[in-house]
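2 protein chains.
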Amino acid sequence: MSLTKPRTMPGVLELLPLEQIAFQSTLDIIRRNFERFGFLPVETPAIELSDVLLTKTGGETERQVYFVQSTGSLKQGDEPELALRFDLTVPLARYVAEHEHQLQFPFRRYQMQRVYRGESAQRGRFREFYQCDIDVIGKDALSVRFDAELPAVIHGIFSELAIGPFTIQMNNRKLMRGFFERAGVIDPEQQSLVLREVDKIDKRGEQYVRDTLIGEHFKLPLDAVTQILAFIAQRSCGHDDAIAKLDALGGGNALLETGVAELKEVLAFVRALGVPEANYAINFSIARGLDYYTGTVYETTLNDHPQIGSICSGGRYENLASHYTKSKLPGVGISIGLTRLFWQLREAGLIGMAQSSVQAMIALMDEADLPKYVELATQLRAAGINTEVQLEPKKLGKQFQYASKAGIRFVLVLGEDEIANGTVSVKDMPRELQYQVSRAELAKTLRVEIEQLAAMPKGLAP
Amino acid sequence: MSLTKPRTMPGVLELLPLEQIAFQSTLDIIRRNFERFGFLPVETPAIELSDVLLTKTGGETERQVYFVQSTGSLKQGDEPELALRFDLTVPLARYVAEHEHQLQFPFRRYQMQRVYRGESAQRGRFREFYQCDIDVIGKDALSVRFDAELPAVIHGIFSELAIGPFTIQMNNRKLMRGFFERAGVIDPEQQSLVLREVDKIDKRGEQYVRDTLIGEHFKLPLDAVTQILAFIAQRSCGHDDAIAKLDALGGGNALLETGVAELKEVLAFVRALGVPEANYAINFSIARGLDYYTGTVYETTLNDHPQIGSICSGGRYENLASHYTKSKLPGVGISIGLTRLFWQLREAGLIGMAQSSVQAMIALMDEADLPKYVELATQLRAAGINTEVQLEPKKLGKQFQYASKAGIRFVLVLGEDEIANGTVSVKDMPRELQYQVSRAELAKTLRVEIEQLAAMPKGLAP
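Note that the protein sequences, when read in sequence, are chains A and B. When we follow this note's numbering, the leftmost residue of the first sequence carries the number 1, and every step to the right adds one. When we follow this note's numbering, the leftmost residue of the second sequence carries the number 1, and every step to the right adds one.
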C-alpha cells in the first residue's frame, strides 16, 4: 500500500503533548478568571448558515471566509449554504438575537473557541485559532461601569499567567472624535478616515501619518495635524497623571466632554476594582481599526515585548445585533487571540513546558507485584493525583528516562523492601531528591509538594 | 434595513448558559478522569487536508464529509483540498504518524473536540458534536493490560457523573471468531458478515438474525446457528460468573483460546483496578460494526435506560496508522459521544441545571456604596468565589428575581446596618435561608457551604 504523508494544512498550530498541557493551563487560567467575574459560558457551532454569518456585504472579511459543503451539495454544484465562523462576535450577535427572550440582561458571556480564516499562508498568521472573548450586552442601555470591569478581568488573567509586566491601554472614541472636531476635522466620515491613518502610527511612523494628513488626499491644515499628532503621542503614567492628562484636554464640544467624563469614570472604577495603577494607562493613539466601536477602546501590551503588539483588545459598541433584531443591544467586549499569543510567547521563550499533567509514575519492578502498584495508583488517584503505572516490563533505568522525558515529576518505587516495611520510595525528578514515605502518608506528602510548587509566583514562566 | 432571521443549521445542539454550565461540568469531569489515569491532552485542527483525511476510498464516511473551501478557491472552481474531521481516530492516526519521533510510547492520549458529519437532518442526529476519546498506542506491541485500564477510566467518569447504574460490557473479537470457527464458520470474510448480522440482534431481534443466517445468502446449518445464537445471548452477572462463562466455552482452536485468555486477563486487571463487579460484565453479542477491532471490544449502557443504547464504546485494534507510516502501532481506545449523550440525558430528565457558575451576587443598595460592593467582590474572588456585582440601579426585588432566574446561589446585601456593624447579609436562594456573617468570615463561610453541596453524592442529577 502506498503511504500518504501525514501533515496538516499551513497556518495551524498543532502542539505536542507537553505544549498542549501548557496551552490548556493557559485556557484554564483564562476561563477561571472569566468565571470569577460572573461571566457565563457560551459555545456556538463552528458551522453557521452563510446568509446568517455574512450579513454585511463584501469586504475583507468575506474574502477570508471558509465555505462548507457536504459531498452531496458539492456534487450538485450548489452554492455553499454553510460557512465557518471567522470571529466570535458575529455568532454572539446571532446567539443573543436568537435567544433574546431566554437571556437575562445585562448578559455577561464568555466564549473560548476556535475561529477560521482563509488567510494567506505566512509565518505567524493562523487559519484556525482560538479566540477567548468576553462581552457584556445590555438591553437598550448599559452603564459605563461595565467598561471598567473588563480591564479588571484582563488584569486578573495576565497577572496569573505571569508573562511579565503589562499595560492595559485605554482611550475613548467620543473623546477622539470630539478632539478632532475641535481641531477642525468635523465630518464624521473624514474623522473615521483620519482615525484609520492615526491607527498606523506605530507601524508607519509619525512622519508618514503627518505627510498623509497634510497631503493631497486629506488636505488638513498643518496646525490641526500638529495638534492631532501631539494629542495622540500622549501616554499616562499612573492614575493621577491619567486624570491630569484628561483635565488638560479642556473642553470645547459635547462629544469631547462626554468622552473625557466617560474615561474618567472608567478609570476611577478600574482603580476601585483593585487594578494596580502600573497596569493601566491612557493612550490617545489607540483607535482600533473598526468603525464598530463608539466609546471606550482597549489594547494590552507586554512592557518588555512591545514587538508582540496588542495581546488583548476590544471596546464599547452601540448596537450588537442590528442585522438580526430591532432590539437595541449596546455592549462592551474584549478578546484574546490565544493561539497567536501562545505562539509568540513560545517564540520569546516565555512559556515553560517542563511539567506534565501526569504527576506521578509508579515503576514496574516485579510483574508479580502489579496488583500492588495498581492499588497504590488507585489510592493516589482518589486523592486527586494524576498517576500513571508502568504496565509493561522495562529496565528501571529506561523507566526513569521515560519519566524524565515525559516531564513527570514523581517516580514512585515499590520494591521488596518498601512493600515489607510499608513505605514507598519517592524520586522528585526536577529537584533530584529521593526519600521514603510511609504509604499512609504518601498522597498527603505529594499533595503538599505539588501545592508548594503551584504556589510559587511564576505561572507559566520557566 | 431588512433583518436576517437569527438561526443555526439543523443538527447542532446550541445551549443556553445554564445548560452550557452543566455541559461544561460534564466535560470537566471527563477531562479530570482522563488526566487522573495519566492520559495526555491532544488537540488537532478541525480542518484537515482532504487527501490526508480520506485515505480510505469511498464508503459511508466519505459521503458524510464536509468539504471546506476559501472564497478564492471556490471562485476558481477548484476541487476542495480541505475537509472537516468526521471523527477523532483518523486525526489521531495522522498525529501519531506525523509526530512519531517526538512522542513516547505507549502513548496515552485524550482528545475532546467537536467533529462534523453531513448527516441527514433527523431528531437526535447531530452534524456537529463533541467526541471525548482516549487511546493508548503502542509501538510494535501493546500489553493487554491497557485494555483493562480503559474500563477503569470509564468507571471513574460515569460514577462521578452520577447518572445512575451502568454496565461496561466486554467481549473479544478473537474469542468470537474462534467460536464461529468451531461452529463451522471458518472463512474470515464470512465471519465478518456473520458478525455484522449478529450486531443487529438488538435492533432486529433473534428470529430475524436466525432466518438470515440459515437463509439463502448464508446457508449456515441450523445447528451452527443455534450454537451461535445461544452463545451471543450470554451475559455475565458478577466477576465469578464471567469467569465461569468463559471457562464453559471450552477450547477447540487457538483463536478461541487466545480470546478467552485475553478476556480473562482483562477482567482480572479490571478488578485489580478497583472497578466494582456490578459495573462490568461480559456480553458475547457485542461485536462493534467496524472490522477495525481485533481484540477486546466495549460498550457501556445505563441499566435503567437501555433505550439510550451504548454511551461509550471502543476496542482494541491491530494497527492505527498503516495509511501514514510503516511503523506498526497497535492500540486500544474508547469514545464518548458527548453531545448525543447530553441531549439524551436531558431528554430523560437526568441533567440538573439549577446552578449557575456564578456563586454569589452582590446587590446594589446605594450607588454611593458601590466602591464597598466592589471591594467585597474583589475579596470574594480572591478567595475563589465567582462573584457578580449589580452595577446598575434596580429595585431590590428585581435583583433577587434576577439571581433566582440566573441560578445564582448567594445574594449578598451590604446595607447601611451591615456596613455599620461590619457584617454582610447572606441569602441562600435554593435553601431559602437568610443569615448575617461578619465580613471577615464571609468568604470562608461561603466556601464551606459550596463545598458541602459539592460533596453531596448527586453529581449532575437534579
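Among the hints, a few may not be true.
Pairs of lysine-lysine, DSBU-like flavour, derived with a Cα cap of 35 Å [what the hints assert, rightly or not]:
#, chain 1, residue 1, chain 2, residue 2
1, A, K264, B, K395
2, B, K326, B, K245
3, A, K326, B, K5
4, B, K398, B, K326
5, A, K5, A, K139
6, A, K395, B, K394
7, A, K395, B, K372
8, B, K405, A, K328
9, B, K395, B, K444
10, A, K427, B, K394
11, B, K264, A, K398
12, A, K139, B, K395
13, B, K139, A, K372
14, B, K328, A, K245
15, B, K5, A, K139
16, B, K395, A, K372
17, B, K139, A, K394
18, A, K75, A, K139
19, B, K394, A, K328
20, A, K394, B, K328
21, B, K75, A, K200
22, A, K75, B, K203
23, B, K326, A, K398
24, B, K328, A, K264
25, B, K398, A, K139
26, A, K5, B, K395
Looking from chain B toward chain A, a few residues come up when the C-beta cut is under 8 Å (computed) [said to hold, decoys possible]:
#, residue
27, D140
28, G274
29, V374
30, I419
31, A420
32, T423
Calculated directly from the structure, the hints in this document are not laboratory data. Note that the Cβ used here is the ideal one computed from N, Cα and C, for glycine as well.
These are the hints, each one checked on the structure:
no.: 1; hint: A:K264 to B:K395; in the structure: holds, 27 Å
no.: 2; hint: B:K326 to B:K245; in the structure: violated, 39 Å
no.: 3; hint: A:K326 to B:K5; in the structure: holds, 11 Å
no.: 4; hint: B:K398 to B:K326; in the structure: violated, 67 Å
no.: 5; hint: A:K5 to A:K139; in the structure: violated, 53 Å
no.: 6; hint: A:K395 to B:K394; in the structure: violated, 69 Å
no.: 7; hint: A:K395 to B:K372; in the structure: violated, 62 Å
no.: 8; hint: B:K405 to A:K328; in the structure: holds, 22 Å
no.: 9; hint: B:K395 to B:K444; in the structure: holds, 29 Å
no.: 10; hint: A:K427 to B:K394; in the structure: violated, 59 Å
no.: 11; hint: B:K264 to A:K398; in the structure: holds, 29 Å
no.: 12; hint: A:K139 to B:K395; in the structure: holds, 17 Å
no.: 13; hint: B:K139 to A:K372; in the structure: holds, 26 Å
no.: 14; hint: B:K328 to A:K245; in the structure: violated, 68 Å
no.: 15; hint: B:K5 to A:K139; in the structure: holds, 19 Å
no.: 16; hint: B:K395 to A:K372; in the structure: violated, 62 Å
no.: 17; hint: B:K139 to A:K394; in the structure: holds, 14 Å
no.: 18; hint: A:K75 to A:K139; in the structure: violated, 45 Å
no.: 19; hint: B:K394 to A:K328; in the structure: holds, 19 Å
no.: 20; hint: A:K394 to B:K328; in the structure: holds, 19 Å
no.: 21; hint: B:K75 to A:K200; in the structure: holds, 32 Å
no.: 22; hint: A:K75 to B:K203; in the structure: holds, 33 Å
no.: 23; hint: B:K326 to A:K398; in the structure: holds, 25 Å
no.: 24; hint: B:K328 to A:K264; in the structure: violated, 66 Å
no.: 25; hint: B:K398 to A:K139; in the structure: holds, 15 Å
no.: 26; hint: A:K5 to B:K395; in the structure: violated, 65 Å
no.: 27; hint: D140; in the structure: violated, 11 Å
no.: 28; hint: G274; in the structure: holds, 5 Å
no.: 29; hint: V374; in the structure: holds, 5 Å
no.: 30; hint: I419; in the structure: violated, 16 Å
no.: 31; hint: A420; in the structure: violated, 21 Å
no.: 32; hint: T423; in the structure: violated, 21 Å
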